[in-house]
Structures are given as structure tokens and as C-alpha cells.
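Positions 194 to 550 (our numbering) are the ones given, in order, by the sequence shown.
Worth flagging that the hints you see were computed from the coordinates, not collected in a lab. Hints may be right or wrong, so weigh each one.
To be verified - Dumping the calculated DSS-like pairs for lysine-lysine here, alpha-carbon to alpha-carbon at most 25 Å: (1) Lys373 to Lys223; (2) Lys434 to Lys331; (3) Lys479 to Lys414; (4) Lys335 to Lys267; (5) Lys269 to Lys200; (6) Lys235 to Lys200; (7) Lys223 to Lys269; (8) Lys479 to Lys331; (9) Lys373 to Lys327; (10) Lys235 to Lys223; (11) Lys269 to Lys259; (12) Lys286 to Lys223; (13) Lys267 to Lys246; (14) Lys342 to Lys373; (15) Lys200 to Lys327; (16) Lys434 to Lys235; (17) Lys432 to Lys200.
Stated by the list, open to error - Ranges of calculated distance between the beta carbons of each label pair, as one might list FRET restraints: (18) Glu265 to Ser296: 17 to 23 Å; (19) Lys526 to Glu282: 54 to 60 Å; (20) Pro525 to Ala318: 34 to 40 Å; (21) Met295 to Ala318: 33 to 39 Å.
Every residue, glycine too, gets a C-beta built ideally from N, C-alpha and C.
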Amino acid sequence: MHRICIKDIQNTIPVGESVCSVFLIMQASKQESRNGPFWSIKLRDASGTMDAKIWSPISQSVQDIKTGDFWEIKGKSSIFREQMQLTVEALQKVETPEELNMSDFMQTSAIEPAIILEEIENLIAQELTYTPWKDFCKSILKDSSIRSKLLLAPAAKSVHHAYAGGLLEHMFSVASLTLKLSTHYPDLDRETLFVAGLFHDIGKLEELSGGLTNDYTDDGKMLGHIVQGILMIQPFLEKAKVEKTLALHLEHLILSHHGEPEFGAPRVPLSPEAFVLHYADNMDAKIAQWRESFAQMPQAQQEENTEKNIEWTPYISLLGRNLCRMPQTPKPKEKEASRTKKTPKEKQCSLLGLTNC
194 MHRICIKDIQ NTIPVGESVC SVFLIMQASK QESRNGPFWS IKLRDASGTM DAKIWSPISQ
254 SVQDIKTGDF WEIKGKSSIF REQMQLTVEA LQKVETPEEL NMSDFMQTSA IEPAIILEEI
314 ENLIAQELTY TPWKDFCKSI LKDSSIRSKL LLAPAAKSVH HAYAGGLLEH MFSVASLTLK
374 LSTHYPDLDR ETLFVAGLFH DIGKLEELSG GLTNDYTDDG KMLGHIVQGI LMIQPFLEKA
434 KVEKTLALHL EHLILSHHGE PEFGAPRVPL SPEAFVLHYA DNMDAKIAQW RESFAQMPQA
494 QQEENTEKNI EWTPYISLLG RNLCRMPQTP KPKEKEASRT KKTPKEKQCS LLGLTNC
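Turn these sequences into a full structure, and let the hints guide you.
Below, the structure is given as C-alpha cells:
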């Protein structure tokens with residue numbers, strides 16, 4: 194079955210042209226308007242996501258659209274609030290999804306997740322000297338159920354690193370940031386902070402289903418990944434015999450890494466390590482959102498941006514703003530290879546304005 198990917202629709206298909214392809218339904222809801230009921234759906238494939246609308250009278254013939262189903266959709270591309278979307282002209286549910294290539298619909302990390310996991314294990318071996326911390330980390334990563342989930346797990350449903358392997362990327366990035374910040378602030382507990390950087394979001398293995406639909410689980414809706422993370426790590430802390438106050442500190446770091454109650458933190462940061470983890474986590478998430486926003490920008494807008502000094506993304510509703518990419522400070526030009534270093538005498542002559550010394 195021939196496919197046109199979402200990125201191609203956004204980048205190469207002229208606005209107003211009809212396209213036909215198979216998409217995964219990421220979200221679907223039936224709503225009411227002055228002209229009758231309509232469906233608002235979010236389409237997904239490995240190249241990205243796109244909103245689509247099914248207006249009346251076509252919407253009246255569609256009884257149900259479920260998340261995780263595949264539909265062949267014919268639609269006309271249009272721009273709404275600076276974003277490309279499809280107005281559906283015809284659609285048909287795919288009754289034999291097993292015939293589809295699932296890799297066409299699942300976004301994955303640009304780096305092989307197994308490689309990221311290996312880098313994390315190398316960091317654990319290099320950075321941890323306290324044996325219980327080392328045993329704790331190894332026992333979590335060697336747990337068969339956790340390890341298999343980690344290789345495919347996203348870090349979020351849609352906000353940042355929302356693709357297979359995204360959680361490992363985020364874990365590695367935040368843990369690496371904590372090491373750099375611990376070097377700058379040597380009075381921090383480097384090892385406890387590093388362990389917290391690795392496992393602050395481990396509860397997302399239980400909060401999100403992952404896979405094609407990547408939705409919140411029932412437990413995730415009821416408890417959330419922060420509480421789920423605390424529950425997950427406790428048996429491993431006991432098995433590794435981590436000293437009680439260190440284990441308590443790790444639990445506080447996980448509980449407070451969202452910073453404030455309005456952002457989902459059960460506790461506010463109370464230790465310097467807790468502040469560092471919160472800001473490292475927030476920084477990595479925001480930079481990922483910035484990077485992904487530019488990566489998903491339609492090609493036409495990218496080409497338009499290249500003619501400007503400052504590049505802008507479409508409005509990001511989650512952040513409540515447009516994001517920009519600024520021109521960078523010019524790098525110094527490389528010195529000519531033919532130039533030779535001046536001797537101390539030559540330097541002195543040039544300072545005096547003399548040509549012959």
C-alpha cells in the first residue's frame with residue numbers, strides 16, 4: 194500500500210492539494226459546530242504528527258474512530274494557525290493492519306537505544322565509587338522487564354523525547370548535565386545527584402504504554418510517574434543496602450524534580466542537589482522541545498527562515514509562545530598556515546612601530 198508520509202505533506206505538497214495515505218490515529222474526538230458534528234483527529238507516522246478535521250456531512254457517516262487504529266485517508270492540505278492540517282474528503286479503516294510495516298508509524302531515537310544504554314552503563318562504572326549506588330544502578334538496568342521496556346520507552350506522551358528510545362536519551366542527557374554541574378559546584382553530592390539524574394523519570398515506564406499509541410496507563414493516570422518511580426526503586430534500594438539517609442535524599446530528589454506543586458511536584462526542592470536536578474531536567478526538556486519544533490517545521494517555512502536573520506517556529510501552544518533560532522557569534526577565522534610565530538624581538542619591534550630591527 195503506497196504511503197505519503199506526514200513530513201512530505203508538510204514540506205513538499207502544495208497547500209490545497211489532495212493527498213491519500215494510511216495513518217495511525219493518535220487522538221480522536223467528536224465535537225459539535227454550527228454546521229453539525231465533526232471529528233477532530235491527530236494523525237501520526239514515523240515522520241511526525243498532523244491534525245485533521247472531518248466536517249459534516251462526511252462526519253455523520255463515521256460512527257467511531259479509536260486511538261491506535263489505522264485509517265486510509267484522502268484529504269486536502271490547508272494552513273490553520275500557522276500549522277498544516279488535512280481536511281478529510283474520504284476515509285476507510287484498515288482492516289488488516291498486520292500487513293502494514295510498523296516502522297512506518299513509530300518514531301525512534303536518532304541514536305540506537307542499545308548504544309545509549311551502553312553509554313549509561315559506562316558512566317556508572319566510571320563515576321560511581323560508593324558500592325551500594327553502583328549495585329543499585331546495575332540491578333535496575335539488569336532487571337529483564339525494566340531493560341526491555343527502556344529500549345523502547347518514550348520520555349513523554351507528546352511534550353519532549355516522545356519517541357521510542359526517548360527516555361534513555363533524556364536519562365543520559367540529564368545525568369551528564371548533573372556531572373558537569375557537580376564539577377562546577379564541588380560541594381554537591383555528585384554521586385547521589387548523578388543517580389537521581391539517571392532515574393528521576395524511571396516511573397514513566399509504568400506511566401506510559403509506549404508503542405504505537407503511547408498513551409497513559411490506568412496506573413499512570415491515578416498515580417503519575419513520580420509516585421510510580423518511588424515505588425519502583427524502593428526494592429532495589431533495599432537490595433543494594435544503600436545507607437538510609439542517602440536513599441531518603443534520592444527519594445526527595447525524585448519527588449521534587451518538577452520544582453513546584455503547580456507543575457506536579459509532590460515536594461518542592463529542599464537541598465542544593467534537588468535544585469540542580471530540577472533545573473537540569475527542565476533545561477533538557479526545553480532544549481528538546483526547541484530542537485523538535487524546528488525539526489518538524491514545514492520545509493517551505495524553513496526556506497523562508499533562511500532569508501531572515503532570526504528564524505521562528507509556528508506558535509507552540511504548550512509553551513504559549515513562538516520559539517526562535519538566533520544567528521550565532523561568528524567563529525574566528527583560521528590563521529593562514531604560512532604565517533609563522535614572531536620571535537620576542539620581532540614582537541617588540543612591531544610594538545614600537547619599527548620595520549627593521
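Hints versus structure:
Simply put, lysine 373 and lysine 223 have alpha-carbon atoms about 49 Å apart, too far for the 25 Å limit, and the pair is violated. Distance check on the hinted pair: lysine 434 and lysine 331 sit about 13 Å apart at the alpha-carbon level, within 25 Å; holds. Proximity of lysine 479 to lysine 414 is assessed by CA-CA distance (about 23 Å); at most 25 Å being required, the pair is judged to hold. For the hint pairing lysine 335 with lysine 267, the CA-to-CA distance comes to about 46 Å; that exceeds 25 Å, so the pair is violated.
A hinted pair counts as satisfied when its Cα atoms are at most 25 Å apart, and lysine 269 with lysine 200 qualifies at roughly 15 Å. The straight-line distance between the Cα atoms of lysine 235 and lysine 200 is roughly 14 Å, inside the 25 Å bound, and the hint therefore holds. Annotation: proposed proximity of lysine 223 to lysine 269 holds, straight-line Cα distance about 20 Å (limit 25 Å). Among the hinted pairs, lysine 479 with lysine 331 is inconsistent with the structure: their alpha-carbon atoms are about 29 Å apart, more than 25 Å.
A hinted pair counts as satisfied when its Cα atoms are at most 25 Å apart, and lysine 373 with lysine 327 qualifies at roughly 19 Å. Note on lysine 235 and lysine 223: the hinted pairing holds, with a Cα-Cα distance of about 12 Å set against a maximum of 25 Å. A hinted pair counts as satisfied when its Cα atoms are at most 25 Å apart, and lysine 269 with lysine 259 qualifies at roughly 22 Å. Pair hint lysine 286 plus lysine 223 holds up; C-alpha atoms about 17 Å apart against a cutoff of 25 Å.
In summary, the hint linking lysine 267 to lysine 246 is supported, as the alpha carbons are separated by about 11 Å, within the 25 Å threshold. For the given pair, lysine 342 sits about 28 Å from lysine 373 by alpha-carbon distance, which is inconsistent with the 25 Å threshold. About 43 Å separates the Cα atoms of lysine 200 and lysine 327, which puts this hinted pair outside 25 Å; it is violated. A threshold of 25 Å between alpha carbons decides the hint, and for lysine 434 with lysine 235 the separation of about 47 Å lies outside it, so the pair is violated.
Simply put, lysine 432 and lysine 200 have alpha-carbon atoms about 48 Å apart, too far for the 25 Å limit, and the pair is violated. With their beta carbons about 18 Å apart, glutamate 265 and serine 296 fall inside the hinted range of 17 to 23 Å. One distance hint, 54 to 60 Å for the beta-carbon pair lysine 526 and glutamate 282, holds here, with the actual separation near 55 Å. Between proline 525 and alanine 318 the Cβ separation comes to about 38 Å, which falls inside the hinted range of 34 to 40 Å.
A C-beta distance of roughly 35 Å is found between methionine 295 and alanine 318, which places it inside the suggested range of 33 to 39 Å.
Going through the hint list in order, the structure does not satisfy hints 1, 4, 8, 14, 15, 16, 17.
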